[in-house]
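> Here is how the chains run, residue by residue.
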Amino acid sequence: NAGVMQNPRHLVRRRGQEARLRCSPMKGHSHVYWYRQLPEEGLKFMVYLQKENIIDESGMPKERFSAEFPKEGPSILRIQQVVRGDSAAYFCASSDGTRSNEQFFGPGTRLTVL
Amino acid sequence: KNEVEQSPQNLTAQEGEFITINCSYSVGISALHWLQQHPGGGIVSLFMLSSGKKKHGRLIATINIQEKHSSLHITASHPRDSAVYICAVRSNTDKLIFGTGTRLQVFP
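Top to bottom, those sequences are chains A and B. Residues in the first sequence are numbered from 1 upward in steps of one, following our numbering. Residues in the second sequence are numbered from 115 upward in steps of one, following our numbering.
Take every hint as true, because none was put in to throw you off.
Calculated lysine-lysine pairs in the DSS-like style (CA-CA distance at most 27 angstroms, straight line): (1) A:Lys62 with A:Lys51; (2) B:Lys168 with A:Lys44; (3) B:Lys169 with B:Lys182; (4) B:Lys182 with A:Lys44; (5) A:Lys44 with A:Lys71; (6) B:Lys167 with B:Lys182.
Keep in mind that the hints were calculated from the coordinates and are not lab data.
Assemble the whole structure, with the sequences as input and the hints as a guide.
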C-alpha cells in the first residue's frame, strides 16, 4: 500500500516560470492538504481539498497560487510567475475523512527559484 | 503569540538520556500530532492523540486537554533520534497548525 506520493521531489525554476507540484494521496484517501515550509521556518497550512472541491484555502497567497484536486488524477499545486521567495519545501498530506481523519505526509517537493 | 508553542527550541542530550519536549496550544482542537523531520527529509507522523497517553517503542506522548498541553518523551535516547520534532494541532476545520519545532541532537 503506497503512501502519499509527491513529484517531483526537487524542482528548479527561474524567476517568472511556472511550477507544478503533484500529490497522489494514499489509496482510499479523498482529502488532500498542502503545507509550505519556508527555509528556517515552521510549516504553514496552505489549502485543504476534497475531490473537485476546495474546502479551505485560507492559507493560500492571494495571487499566483492555485490548487486543484480533480476527480481523476493527482492534486496539483500551481505557482505562476515564481519569485525567489517561493523557494521552500511543499508538503502534501492526505486523509480518509473518517472520524479520526489522521493525516499522512508525502516526502515533499523542494522548490528552488533561481 | 503563536497558537502552538513548543519548548525547548533546541535540545542536546547524551545517548541514553530521557528526553521531554513540551507543547502548549491556545486554540480548540480535535487532535494533536507529534511529527518527526530529519534534516532535508520528509515528515513522519509519530502520534496522533486526542486524550490520555500513547506509547510506541521508546516514545511516549501524553496530552492534557484541560490544560491544553502535550509532552513527547523519548526514553533511552539514541543518536538516530536526532531530528526536529514538531507538535501540530488539528483545528476544528481539520487544518493543522504547527509549532516551530524542537531540534534534538543526541550525542554518543
